[in-house]
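Protein chains in written order, with full-length UniProt numbering: chain X, 1 to 313; chain S, 1 to 335.
No lab work stands behind these hints, which were simulated from the structure alone.
Among the hints, a few may not be true.
Covered by chain X, per the in silico footprint, the following chain S stretches (three or more residues, Cβ under 8 Å) [as the list claims (entries may be wrong)]:
| id | segment |
| --- | --- |
| 1 | 3-10 |
| 2 | 20-26 |
Computed footprint of chain S on chain X, listed as stretches where at least three residues anywhere in the stretch have a Cβ under 8 Å from a Cβ of chain S [what the hints assert, rightly or not]:
| id | segment |
| --- | --- |
| 3 | 90-104 |
| 4 | 150-163 |
No experiment lies behind these values; they were computed from the predicted model shown.
Each residue gets a CB set at the ideal place from its N, CA and C atoms; glycine is no exception.
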Amino acid sequence: MTEPIQNAAPTGALTDPIPSSPPRSQWHDVWDQFKHHKGAMLGGVIFLLIVLLVFVGPWFWPFDATHIDIRARNQGPTWAHPLGTDQLGRDTLARMMAGGQTSVSVGITAMLLALFLGSLIGVLAGFFRQLDGLLMRMTDLFLALPLLPLLLVMVLLFRDPLNAAFGPETGIFILIVCAIGVTSWMPTARIVRGDVLALKEREFVLAARSIGTTNARMITRHILPNVLSPIMVSATLGIANAIITESALSFLGLGFPPDFPTWGRLLFDATDYLQQYPERVFWPGLAISLTVLSVNYLGDGLRDALDPRIRGR
Amino acid sequence: MLTFTIRRLVLAVPTLLFISLVIFLLLELAPGDPMAQVPLTVPPEVKERMREALGLGEPVHVRFVKWLVQFFWIEPQVLFDNLFGTNLTEGQQRVLSWQTRSPVMDIVVQRLPQTLWVVGMSYVLGVLIALPIGIYSAYRQYSVFDQLGTFISMIGFSVPTFFTGVLLIVLFSVHLGWFPSIYDTTHKITDWDSFVFQLRQMAMPVFVLALYNAAQISRFMRASMLDNLNQDYVRTARAKGLGEKTVVLVHVLRNSMIPVVTVIALGVPQVFGGAIITEQVFKVNGLGHLLIGAIEANDLPMVQTLTFIFALLIVIFNLIADVLYGILDPRIRYD
Numbered sequence: 001m002t003e004p005i006q007n008a009a010p011t012g013a014l015t016d017p018i019p020s021s022p023p024r025s026q027w028h029d030v031w032d033q034f035k036h037h038k039g040a041m042l043g044g045v046i047f048l049l050i051v052l053l054v055f056v057g058p059w060f061w062p063f064d065a066t067h068i069d070i071r072a073r074n075q076g077p078t079w080a081h082p083l084g085t086d087q088l089g090r091d092t093l094a095r096m097m098a099g100g101q102t103s104v105s106v107g108i109t110a111m112l113l114a115l116f117l118g119s120l121i122g123v124l125a126g127f128f129r130q131l132d133g134l135l136m137r138m139t140d141l142f143l144a145l146p147l148l149p150l151l152l153v154m155v156l157l158f159r160d161p162l163n164a165a166f167g168p169e170t171g172i173f174i175l176i177v178c179a180i181g182v183t184s185w186m187p188t189a190r191i192v193r194g195d196v197l198a199l200k201e202r203e204f205v206l207a208a209r210s211i212g213t214t215n216a217r218m219i220t221r222h223i224l225p226n227v228l229s230p231i232m233v234s235a236t237l238g239i240a241n242a243i244i245t246e247s248a249l250s251f252l253g254l255g256f257p258p259d260f261p262t263w264g265r266l267l268f269d270a271t272d273y274l275q276q277y278p279e280r281v282f283w284p285g286l287a288i289s290l291t292v293l294s295v296n297y298l299g300d301g302l303r304d305a306l307d308p309r310i311r312g313r
Numbered sequence: 001m002l003t004f005t006i007r008r009l010v011l012a013v014p015t016l017l018f019i020s021l022v023i024f025l026l027l028e029l030a031p032g033d034p035m036a037q038v039p040l041t042v043p044p045e046v047k048e049r050m051r052e053a054l055g056l057g058e059p060v061h062v063r064f065v066k067w068l069v070q071f072f073w074i075e076p077q078v079l080f081d082n083l084f085g086t087n088l089t090e091g092q093q094r095v096l097s098w099q100t101r102s103p104v105m106d107i108v109v110q111r112l113p114q115t116l117w118v119v120g121m122s123y124v125l126g127v128l129i130a131l132p133i134g135i136y137s138a139y140r141q142y143s144v145f146d147q148l149g150t151f152i153s154m155i156g157f158s159v160p161t162f163f164t165g166v167l168l169i170v171l172f173s174v175h176l177g178w179f180p181s182i183y184d185t186t187h188k189i190t191d192w193d194s195f196v197f198q199l200r201q202m203a204m205p206v207f208v209l210a211l212y213n214a215a216q217i218s219r220f221m222r223a224s225m226l227d228n229l230n231q232d233y234v235r236t237a238r239a240k241g242l243g244e245k246t247v248v249l250v251h252v253l254r255n256s257m258i259p260v261v262t263v264i265a266l267g268v269p270q271v272f273g274g275a276i277i278t279e280q281v282f283k284v285n286g287l288g289h290l291l292i293g294a295i296e297a298n299d300l301p302m303v304q305t306l307t308f309i310f311a312l313l314i315v316i317f318n319l320i321a322d323v324l325y326g327i328l329d330p331r332i333r334y335d
């Protein structure tokens, strides 16, 4: 009946030359915007430097964080010990690096845990209508909990059983990471849920649904990549939050044990010698503040770079 | 609005009950034994009796209900008694601290003024500093003042209070000797000199907390002002010839304050929680100090009651923030 149209000249878009370079990806644009945020670039570089210093530094530094040299105790800055030594003659720089390893690891691990919980709950609540009410009431409840007192109570309660199960260092690490993770996922969950709710109404989700995409595939393939930007911003802010919380716990004497330095613990120990050696509180405090400051600036820049309304201005 | 408030109040009840249950069950897992300090020579059956005297003999649910009744029914009556001199609570059992064997609420009432003075003052001061900074930063966006203000607020936001506190102690107490590093709770204001001393000992903790609060609130204030400064009504106000002062300080400010007021209300309970650290640094004998002491001494009724008071504050101020938002912004309709 209908004759196949033969030799019809291709019209319109079909005659356009095929682009020789692949299209610019979203991340390319994000990076372009991010580059222009000076504070964020500086913050990122400083954060990377700190991470590099605390993890690679100990390989090149001759002193061990736990090496006790009682004859060299309470020294000021010298060439051998640029940041001086503590009351047992342990090198402060080595202890700062060891403390940084713990603080940064706790920060990153706790952030990952909080992010996982927050994204999971946010996606589930946004995607499945039946779960929404229940999960969001739970989020509200968690937001109403007094977090710092509860953290203190949790550390107090579970310190001994976990120490017995995993040894003093791993036990307290697991405890603090879990405690911080469990008490800081709520903002992420709320943001992710809001974004998922908006995404669910978009046409591409409908299109994917119409070709029979399953729920699991829909979430991993279509929803999650699109909520990545709020998750990344929460991630940076989460690191800052976790580092401060861990330091606060250690500062209150309810964190890591004394022979296992973290920045908060070093600061706490240094306050005992405030009258004699006031300079000793400076380094751990500076390290915490600088890390948190750089991470916050990084988050600020990321937020601007990932926001399509601001990008390109 | 009224129905909304009532609905939220009714909803707050199960929330609070659930929170108290969570705290109670969490403390139920505590490995510590209140009898740990009792000498070993005391025979076990006597220890058992002592444990019962603390109210530990009964099953969990009985103790939980007992605590609820004591906290929500008997303690308000005690307050009523103290205010009006009645004696409704003669012989009623109150929540007792294991450390001191005295009612928990009595100790809380003793400690409350210190916390309120330091924390309350710092919050008021922080808000008073933050608002003008936020307004001016937004008005002159990207000016030197704005850049500097943003940087300082970023620092105030990032540097933990336990570091600023210790730094101030090093500088002003150890080196300069201007302020005492330890807060003297027993100090009474009787004359001018003692008033000056009170000011001096409050200066550092108040400054530390005020800086932290001001940093957060000024960022909110700036963002909120920026949102409003580009609105059409601002152009209209300028077009009809209103002075710049009226436009910014009346039209824009009033609209920008709506979210900021709720943020300020939401921040109050967090300030109480965050003050735990500052109180510890400056040895202020307030609620946070009490909580840390109780945690270290395994004084479970005290920990339970204090944690719950913090939760109560959060729920109440959330409610206040929601209601305020509805009152201030006529666009918000809850019904």
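Next on the checklist: Please verify the coverage claim for the segment 20-26 of chain S: does it have three or more residues whose C-beta sits within 8 Å of some C-beta in chain X?
Outcome noted: Holds: 3 residues of the segment 20-26 of chain S have a Cβ under 8 Å from chain X.
Next on the checklist: Verify this for me: three or more residues of the segment 90-104 of chain X with a beta carbon less than 8 Å from a beta carbon of chain S.
Outcome noted: Violated, because only 0 residues of the segment 90-104 of chain X bring their Cβ atoms closer than 8 Å to Cβ atoms of chain S.
Next on the checklist: Verify this for me: three or more residues of the segment 3-10 of chain S with a beta carbon less than 8 Å from a beta carbon of chain X.
Outcome noted: violated (count 0)
Checklist entry - Under a C-beta cut-off of less than 8 Å, do 3 or more residues of the segment 150-163 of chain X approach chain S closely enough to confirm the stated coverage? => result holds (count 9)
Hint violations for this structure: numbers 1 and 3, all remaining hints satisfied.
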